[in-house]
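Asker: Combine both chains into one complex, guided by the hints.
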Amino acid sequence: MAKVTIDNHVVEVPDGTTILQAARLIGGDIVPPTMCYYSKLEGSGGKCRTCLVKVSQSSGKDSRPMPKLVASCSTPVADGMVVQNITSPEVLEARKAIVEFLLINHPLDCPVCDQAGECDLQNLSYEHGLETTRYKEERRDYPSVDIGPYVKLHMNRCILCYRCVYTADQIAGKRIHGILYRGDVAEISTFIQNSIENEFSGNIIDVCPVGALTDKTFRFKSRVWFLNPFLAHRDCPTCSGKVTVWKFGKEIYRVTGRKDQFGEVDEFICNTCRFDKKGSEDWIIESPANIDKQSVISQNHYMKIKKGSIIKPLEQKTEPQD
Amino acid sequence: MGRKILLDKIDIPGILGFDVYRNNGGYSAVEKALKTMSPDQVLDEVKKSGIRGRGGAGFPAGMKWSFLDRSTNNPRYLICNADESEPGTFKDRYLMEKLPHLLIEGLIVSSYALGANTCFIYIRGEFKYLVGILEKAIFEARKNGFIGKNILSSGYSLDIYVHPGAGAYICGEETALIESLEGKRGNPRIKPPFPASKGLYQCPTVVNNVETLASIGPIIIMGGEEYAKIGTGKSTGTKLISASGHINQPGVYEIEMGISVEDFIYLDEYCGGIRGSKKLKAIVAGGSSVPVLPENLVFKTAKNETRLMTYESLAEGGFESGTMLGSGGLIVYDEDACMVRNTWNFSRFYHHESCGQCSPCREGTGWMEKVLYRIEHGQGRIEDIDLLVNISKNIEGNTICPLGDAAAWPVASAIRHFREEFEFHVKHPEKIKNKDHGNIQKLFVP
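If you read the protein sequences in the order shown, they are chains Z and E.
Per our numbering, the first sequence runs over residues 2 to 323.
Per our numbering, the second sequence runs over residues 11 to 456.
Read the hints as simulated data drawn from the structure, not as lab findings.
Note that the Cβ used here is the ideal one computed from N, Cα and C, for glycine as well.
Check the hints yourself; a few may be wrong.
Below, in silico cross-link-like pairs of lysine-lysine (DSSO-like), each with a Cα-Cα straight-line distance of 27 Å or less [what the hints assert, rightly or not]:
{"no.": "1", "chain 1": "Z", "residue 1": "K217", "chain 2": "Z", "residue 2": "K153"}
{"no.": "2", "chain 1": "E", "residue 1": "K208", "chain 2": "Z", "residue 2": "K55"}
{"no.": "3", "chain 1": "Z", "residue 1": "K41", "chain 2": "E", "residue 2": "K313"}
{"no.": "4", "chain 1": "E", "residue 1": "K313", "chain 2": "E", "residue 2": "K289"}
Partial list, computed: chain Z residues near chain E (C-beta under 8 Å) [unchecked claim]:
{"no.": "5", "residue": "C49"}
{"no.": "6", "residue": "A98"}
{"no.": "7", "residue": "G184"}
Pulled out of the complex, with its shape left as it was, chain E reads as follows (with noise of 0.2 Å):
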């Protein structure tokens, strides 16, 4: 069993409530930032720890600290994004759902360190649930002097507040969440200026998913060096894993970064095998944006070097033979499931969230989307293969923001690593016409 730093509280009985969860040595990193530190000791601390963001992109979050400008004059604003709309993760949702006090403590501490005044929680429009619980939660700390004016008597003052949106996967991305809190329409900002110099409301502002927030607490109690030496090479820390699709055991796990993709797919600990004692067909690592890998690229990489749950490793060999640690929402197929009906539902859920606002995004994933349902349901030509190639080419790194390219990747890897199962589809209709996948709903009839 890895070491527990997010989820080792989990069990103890009310631990969503304040005083148990302070009991548990809670708001000790608070204490300790607050009392003993200066912001650019915390800054220096989650510098060396390295960890890396943990919504998806693995942009260094220190890094990500220190770009924000602090030559102006202007409030600067700490945003935690909760708007977790990716389909296979559900990691966010559970530690807010579950702990939602270590969150609090994350926000704090990190306001701390970036001089931050107020901080929003921009929260997924369909987790209304979870509102009640973190404001709860604020309310509470707020009554035990953690928020508000002068916390802990060191003359730092800080403001915490939840702002639901209105179920949009387009306000994940930061600059349409910001544009979202503003109270406009969640188009996508186009960049430079970048929101460490001009983000909310035109002032500096830091963008972060909930589990790196929820990470810095953590971080500042054991100490930047110490959570480094957990993982591997560049993926420090912990992460927490959203398993679905065909397991034993779905679920969320915390793993330290460097067991096995094999280990974590496999161990009663974690997934507990493929159900049925199936084969297993592909995984998506990282939620429905990445790569799909076939199984003869999951346990060894191109170069025949076991693949770990790590960045580097996941992306080792490009996108020709790797994928992406991403999110963190990783999706098993066994050998029954279809794969040209997987990437038309992927492709049906990004036509249904393009903002609209750029053009290769907009029509791309409209076209992609009618040209695979069209294969999935018997009318396809051959032709129609190639074309869905060239078109995820041409909406590649053409768009305003990586909702193209999150478009893009599923339909281009899937037809690279299965091709012949395309080939199936487009040959012999009236097989695929019988195919029973269960009774899902036609969302789009082209």
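Isolated chain Z (complex conformation) (with noise of 0.2 Å):
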């Protein structure tokens, strides 16, 4: 067991806790945001660098500062190390800078985006983005394509994070797109106009953090905060059928999987149950879904959305000698 430290919150986790899952039990404020990490995809994570933090004491043993920032998605605990999220005005600094990076090849069309609303990228940036953009040069540009009957792919919004092709990778089982080129000219894509097919393939919409994949059966439909989110369940041969189905009034308009506090699907979901069963009597409600507080589903809860800012560090209490 390791104790650690996070922005003055002791917690005792297991070795090889990584410093995020840590963070995340605490919960709370401290979490650093993350786009690209997703506990349940072997391997993701480290990429976008947005949840960078800074390890002010390495262990117990070595009171030396790490000497960079570091990714808390990736790095493990060690017994007595002291982490600083939001109480290291550098920390914010950072993560400034990666959601400049991030906006400057985005093309900020959250108006006719139908991720916006629930987008990772939009709650970032609100967060710790700029106002404006200090980028003047041309945007890079790629037509947006169909891969597969089901969802359409808009490469001018990815950010790159491969959690779907971790997904098409460990979920679907069988892979057929990928990662072409490289730099910011990579580009998500099916080798040879392949076609995404595999029956837990939709679940690549689930997991991207923006609106690169989108639904096709639900494309333009709506605005996801006029939908009601209801949590319903199925009798399904191939996966759980636990979902979460958006209604208006009475019909639906898209069902997803269930997500947790952190954005991330608790139990992936097939085709079948995300595409093609939309009427009333294929489901049954259990009750309403939580809406997570950071969304803007939860209308005009935007403004109660702390800013990024530095916390003071608590005055340390020292504890009386006898």
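Answerer: Dropping the structure here:
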């Protein structure tokens, strides 16, 4: 077991836990934001660099700080480690820079994007981004393409988090899409115009943190904040059948996986549940779904979100000596 | 003339062939190591020699070898990093082209010390013609019983394979190299775990530069302590410097560490002075990744000490007034060189070679390149200069691998030392447009 201090909160976790997971155990404001890390996907993380934190003490034995900011999603904890996230101005500065980098080639077409309202990048830039851009150059531009009968790919919006690649590898079983080229011209693509038809391929829509992969059966139907989410289930021979259905009146507009408080899908669902079962008779409604308060869907709650700011470190309480 | 350890046999005719190399004392290091020494003794000699990694980071090779995880039963691997793609560096190519057997000899001894039975030479895709030379050398060594099963009846077996890459700069980063060797996309891995515990095929692996491994043979023959006497301070031994730019005699030179930079640039046996007797303007000391040094800091450090060709002396003063020895690719600029264009050119390289895995490097390198392109082509704005400094600061240290740092340092240092030149570009766009740089094709038009 290792005792870790994250922003003055102490937590004890098993060896080998990452800093991010330790922070998630504590919860609240001190959890670093993630764009590429997905706890259910092996090998994900480390790429987007939004979860950078400062390790001001490497371990109990070694009181030196780590020389650089580290990605909390892939750095294992050590006993006696002291981590600073929102108590370090350096971290917030770096995070601001990362958001800027992620946005420079992003088309900022939120008004016509289906993901708007439940977009990780939107939330992240609201909390940490600048209000204007310093980027005056041309943005990269790709045509949007159909990859398979159900999924539309807008490469312009992609932040190359690789989540969909890992999903196709580990959940859908057979991967026929991947990253082509390199650098800022890298793109998600199916090799030689293949179409993604695997039974679990729809999950790449759920794991996408931005609007790069969208549901073709839901395209331009409605804004997500006009819909009411309900937890529902059905007896599905392929998957668990536990989903969230998004209703407008009595009509079901779309079906997604159930997401936890960190925006990750609890149980991956199959394409039949996601795309084909849209009648009210198909589903047994359990209860209204919880709406993440970070999201635009909870109307007007954006104002209540704290902007990324440095909190003062708590004063160290010295124990009275006997 | 300094002492030569690596290139001493280079002028012997027919040295490419096994027989000539053997008759001139070749492979005696293998005999000495395998017949009279244990692997730990070889490791001790390398540690005593104090040789530092010649690939760029300058990490002591003996220490790197001792980190190798020896606790598991998994096979261990040695990888020779011949993916030399740094602009301005061409020493490994020269070494492999002229003295392939020196490298093979070093590989055998190093593999023996590490207990590796398989060794890979990961060679850059563009060096296609070297693959044949190396494979011929391996074939000859195998025929003469220096590679294969039970080498020199010592019971030690080794196989060496040459693996050409597809020509990506990023595959010179050790974990990206391992990914590429495994047949995957050449993206750097997230560390930890380090290759010393989980490298190639999740087995303990050591990755070393060509020059480092080629030096192992001479170190074993002369002894580690003897080798450590060459050079100054913690920079021991000799180093290959590939000199290019506006000098009279560009080429690969072997120097004893510790000669002064002034001697190296102006002495006739080395670079032979600046071309056309012009004035020196700046140097890049260790390949394009390191900070550029202006003329007033080249020969003297900020503390007014003579600057030497060593790891420590070149790094004297940090990034404010120093640079790094890096991989030893010395580029010299005369007074006519345009630093803005040079910086743009470097930046264009890093934009092209960024793997696109982590966001600061993927987006930042492209952004810097586009801004520098505008400044160089007379469309700059005065606030762009501070913007560039800020972008490079935001990239530096926040990336997975050192490519982000390598892209940021040249830009930051060029602006630190040559800010007037950038400002001149912004203020006099019409003069800039009429500059003649020769016919350089525009590869990227933002």
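Asker: Now tell me, hint by hint, if it's right for this structure.
Answerer: Hints, verified against the model:
Distance check on the hinted pair: K217(Z) and K153(Z) sit about 6 Å apart at the alpha-carbon level, within 27 Å; holds. Between K208(E) and K55(Z), the direct Cα distance comes to roughly 25 Å. Compliance with the 27 Å bound is thereby established for this hinted pair. The hinted pair formed by K41(Z) and K313(E) fails the criterion: a straight-line CA distance of about 55 Å is larger than 27 Å. In summary, the hint linking K313(E) to K289(E) is supported, as the alpha carbons are separated by about 23 Å, within the 27 Å threshold.
Here the hint on C49(Z) is kept, as its CB sits about 5 Å from the closest CB of chain E, short of 8 Å. For A98(Z), the shortest C-beta to C-beta distance to chain E is roughly 4 Å, which falls under 8 Å, so the interface hint holds. Hint status for G184(Z): holds, given a least beta-carbon distance of 4 Å to chain E, under 8 Å.
In terms of the numbered hints stated before, the structure departs from hint 3 and from no other.
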